[in-house]
Structure formats: structure tokens, C-alpha cells
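J.: For reference, the chains in residue letters:
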Amino acid sequence: MSIFGQILKWVNDDPPELFEIQPRRPGTLPLRRLFVSNAIRGLPWHEVRFEQFRSDLDRYASGEMIPVRLPPSKNVHADFALLDPPTNEPHIDRIWEIRSKDHPQLRAFGCFAQRDVFVALTCHHRSELATDDDWALAIRECRHEWQRLFGSEDPIGGLDIHAYLSRSFYVLK
Amino acid sequence: MPTSQEASTFLNDVLSAEVIPEGKMAYFRGRLANRFHALVLSEFARLEAAGKINGAKLARRISREPAQISRWLGSAGNWTFDTLSDLLLGMGYEPDLSVIDLRAEGKHIQDAEGLAHISWADLNAANDALGTYHRAPQVEQPKPSITVQAA
Numbered sequence: 001m002s003i004f005g006q007i008l009k010w011v012n013d014d015p016p017e018l019f020e021i022q023p024r025r026p027g028t029l030p031l032r033r034l035f036v037s038n039a040i041r042g043l044p045w046h047e048v049r050f051e052q053f054r055s056d057l058d059r060y061a062s063g064e065m066i067p068v069r070l071p072p073s074k075n076v077h078a079d080f081a082l083l084d085p086p087t088n089e090p091h092i093d094r095i096w097e098i099r100s101k102d103h104p105q106l107r108a109f110g111c112f113a114q115r116d117v118f119v120a121l122t123c124h125h126r127s128e129l130a131t132d133d134d135w136a137l138a139i140r141e142c143r144h145e146w147q148r149l150f151g152s153e154d155p156i157g158g159l160d161i162h163a164y165l166s167r168s169f170y171v172l173k
Numbered sequence: 001m002p003t004s005q006e007a008s009t010f011l012n013d014v015l016s017a018e019v020i021p022e023g024k025m026a027y028f029r030g031r032l033a034n035r036f037h038a039l040v041l042s043e044f045a046r047l048e049a050a051g052k053i054n055g056a057k058l059a060r061r062i063s064r065e066p067a068q069i070s071r072w073l074g075s076a077g078n079w080t081f082d083t084l085s086d087l088l089l090g091m092g093y094e095p096d097l098s099v100i101d102l103r104a105e106g107k108h109i110q111d112a113e114g115l116a117h118i119s120w121a122d123l124n125a126a127n128d129a130l131g132t133y134h135r136a137p138q139v140e141q142p143k144p145s146i147t148v149q150a151a
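Here the protein sequences line up with chains A and B, keeping their order.
The first sequence begins at 1 in this note's numbering and counts up one residue at a time.
The second sequence begins at 1 in this note's numbering and counts up one residue at a time.
Just so you know, these hints were derived from the structure itself, not from any lab.
Incorrect hints may appear among the rest.
Ranges of calculated distance between the beta carbons of each label pair, as one might list FRET restraints [said to hold, decoys possible]:
1. A:105 / B:150: 21 to 27 Å
2. B:54 / A:158: 40 to 46 Å
3. A:158 / B:17: 26 to 32 Å
4. B:57 / A:72: 33 to 39 Å
5. B:16 / A:41: 23 to 29 Å
6. B:104 / A:11: 28 to 34 Å
7. A:1 / B:9: 45 to 51 Å
8. B:52 / A:140: 16 to 22 Å
9. B:16 / A:74: 45 to 51 Å
10. B:16 / A:15: 43 to 49 Å
11. A:46 / B:48: 48 to 54 Å
12. A:104 / B:67: 20 to 26 Å
Straight-line Cα separation of at most 25 Å, DSS-like style, residue types lysine-lysine; simulated pairs [to be verified]:
13. B:24 / A:173
14. B:24 / A:101
15. B:24 / A:74
16. A:74 / A:173
17. B:57 / A:9
18. A:9 / A:101
19. A:101 / A:74
Because the structure is a prediction, the values reported are computed rather than measured.
Glycine included, C-beta positions come from ideal geometry on N, C-alpha and C.
Start from the sequences and build out the full structure, keeping to the hints where you can.
T.: In C-alpha cells, the structure reads:
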């Protein structure tokens with residue numbers, strides 16, 4: 001089964017493990033696909049801060065221009081960033097972060113299953129990520145969740161942005 | 001968490017509310033900030049690819065540090081109207097604004113219901129045919145309500 005087939009399996013499972021988020025923008029089709037875990041779906045989306053966060057997710061899904069950071073850049077400002085693996089665990093790579101910078105800042109972690117298909121698996125308040133150990137734990141948690149859902153199938157990896165996104169991105173140096 | 005099948009409900013809730021819920025307003029505020037940011041970033045990317053500007057040049061033109069330009073291009077998080085104006089002006093532009101009637105957009109959703117179920121294969125095929133820039137098949141995209149104009 002393809003990895004996208006596995007995603008659809010989780011979406012259609014009873015109860016579902018993944019949910020597709022499509023942009024609320026009137027009349028807009030999702031030009032990128034965004035799936036979220038139960039953990040993210042369970043966030044308090046009716047609250048003001050999470051409504052703002054939803055607008056950030058919709059920006060991705062609606063195919064609008066997004067700022068991206070890829071290693072070795074250390075740019076900490078891009079809203080979408082491929083994270084460096086933890087220092088002692090270089091095999092835990094391929095984890096992306098969506099940075100939502102209204103206050104309190106939020107960080108969603110996930111992976112690209114294929115080009116233009118992102119699976120957001122975990123979410124933290126930025127304030128919970130104070131140390132390198134906190135980040136390593138968050139990255140490990142995301143990768144663990146990926147493995148729980150997709151087993152030995154790896155997410156997209158590497159430093160070629162075109163492997164992740166087909167359009168409307170700007171890679172910040 | 002709402003999905004697009006509930007988009008018309010979401011919009012109807014906004015349009016029919018006596019008092020628009022704070023959360024809904026927060027969503028549209030975030031959406032507007034993101035759209036302005038995407039607009040500026042798109043123009044910057046286009047001009048940079050054409051060799052007409054870069055971060056350092058833009059920084060000089062608007063008397064800012066290059067690091068500040070990098071911060072602004074990375075996220076809409078700290079933008080103000082001044083930021084928008086300065087960045088666009090630094091590239092030789094100003095916004096050309098118009099508004100759309102959300103009630104008409106709500107009608108557009110109802111008309112397009114069913115098209116929301118266009119398959120990913122269809123979208124991919126369209127992508128392959130069109131190259132990097134995607135246009136959704138069979139659906140007339142809403143006209144952009146914010147564009148830029150040479151200053």
C-alpha cells in the first residue's frame with residue numbers, strides 16, 4: 001500500500017487516526033493536502049488563539065506562498081522549517097515544524113508523506129520548548145507517532161525543497 | 001475541527017451572527033495577515049529571481065538591517081501596516097486594494113459543492129500539465145482582492 005493509501009486508511013478508520021484539514025477560504029480547493037492527528041484535532045479550535053493557528057494551517061493548505069527554512073540555514077524566522085535532528089540522534093530527521101507566532105506561540109510538528117502532502121502529528125506551546133532536550137523530546141515524539149501510524153515507511157527526506165513542495169514557496173537563507 | 005465541507009457553515013455563521021464571535025474574527029485577522037505576507041513574499045521572490053532585488057538592497061532602501069528583512073520575510077508574526085507599506089515601497093510597489101462580498105462567496109461555495117471532492121489524482125494531473133503553478137481544474141478561482149501596483 002502506498003503511503004498515501006495508508007493515510008486514507010487512517011482517515012477512513014473507525015475511529016479515524018487522521019483527519020484532513022481543508023482551507024476555509026471560500027471557494028478554494030486544497031492545493032496542498034494537510035492531515036492532522038487526533039491529538040491536533042483535539043486542540044481547542046474554538047478558542048481565539050487556535051482560530052489564528054487555523055489561519056496559519058489554511059495558508060499551507062490553500063497553496064499560498066509560504067516561507068521555508070532548510071538546513072544548514074539556522075534561520076529561526078521562517079514559518080515552515082525542516083528541523084535539524086537532535087545532536088545525538090541524527091537518524092531522527094525529516095521532521096518539520098510549523099511555527100505559529102501569535103502569542104502564545106505554537107509549534108506543530110509533522111512530516112511530508114509525499115510532495116505537497118503534510119501530516120501534522122503533534123503540537124506544543126513554544127514556551128514548553130526551552131532547552132535542546134525539550135526539542136529533542138518533541139522531535140522524538142513526532143517521529144514515534146509517525147512510526148506508530150506508518151511503520152517502517154519513511155517520510156520524505158533530504159534537502160531538496162522540490163521533494164516537499166511543488167509550488168509557492170520561498171526558501172529563506 | 002472544521003474541514004472544507006463545513007466551510008459554508010463557517011461562513012454562514014459569520015455572516016448571520018448578530019455579534020461575530022471573537023474566534024471567527026481572529027481567524028480572519030490571521031488570514032489577512034497571512035495573505036499580505038504571502039503577497040509581499042511572492043513579489044520579493046519574483047524580483048529576486050529576476051535579479052532586481054535582494055534582502056540587503058531592500059534593507060538599505062528602507063533603512064533597516066538585513067536581519068530585520070529576513071525576520072519580516074520569514075513570518076507575518078510582527079507585521080504592522082507600516083511593515084507592509086515599507087516592504088512594498090522598498091520594492092517599488094504599493095497595494096491595489098478592493099473588497100469582495102462574502103455573501104457572494106458563500107454562494108460560490110454552494111455552487112462549487114461537489115467540486116470539493118475532486119480527487120488528488122485529478123489535481124496531480126493538472127499540476128503535471130500546468131507545471132509549477134497550479135490552477136484548479138474546472139474551477140474558476142476567486143480573483144485576488146489584493147494586488148500590488150508600481151509606486
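J.: Evaluate each hint against the coordinates.
T.: A quick look at each hint next to the structure:
| no. | hint | result |
| --- | --- | --- |
| 1 | A:105 / B:150: 21 to 27 Å | violated (36 Å) |
| 2 | B:54 / A:158: 40 to 46 Å | violated (26 Å) |
| 3 | A:158 / B:17: 26 to 32 Å | violated (47 Å) |
| 4 | B:57 / A:72: 33 to 39 Å | violated (24 Å) |
| 5 | B:16 / A:41: 23 to 29 Å | holds (26 Å) |
| 6 | B:104 / A:11: 28 to 34 Å | holds (32 Å) |
| 7 | A:1 / B:9: 45 to 51 Å | violated (33 Å) |
| 8 | B:52 / A:140: 16 to 22 Å | violated (44 Å) |
| 9 | B:16 / A:74: 45 to 51 Å | holds (48 Å) |
| 10 | B:16 / A:15: 43 to 49 Å | violated (32 Å) |
| 11 | A:46 / B:48: 48 to 54 Å | violated (40 Å) |
| 12 | A:104 / B:67: 20 to 26 Å | holds (24 Å) |
| 13 | B:24 / A:173 | violated (34 Å) |
| 14 | B:24 / A:101 | holds (18 Å) |
| 15 | B:24 / A:74 | violated (34 Å) |
| 16 | A:74 / A:173 | holds (8 Å) |
| 17 | B:57 / A:9 | violated (50 Å) |
| 18 | A:9 / A:101 | violated (33 Å) |
| 19 | A:101 / A:74 | holds (17 Å) |
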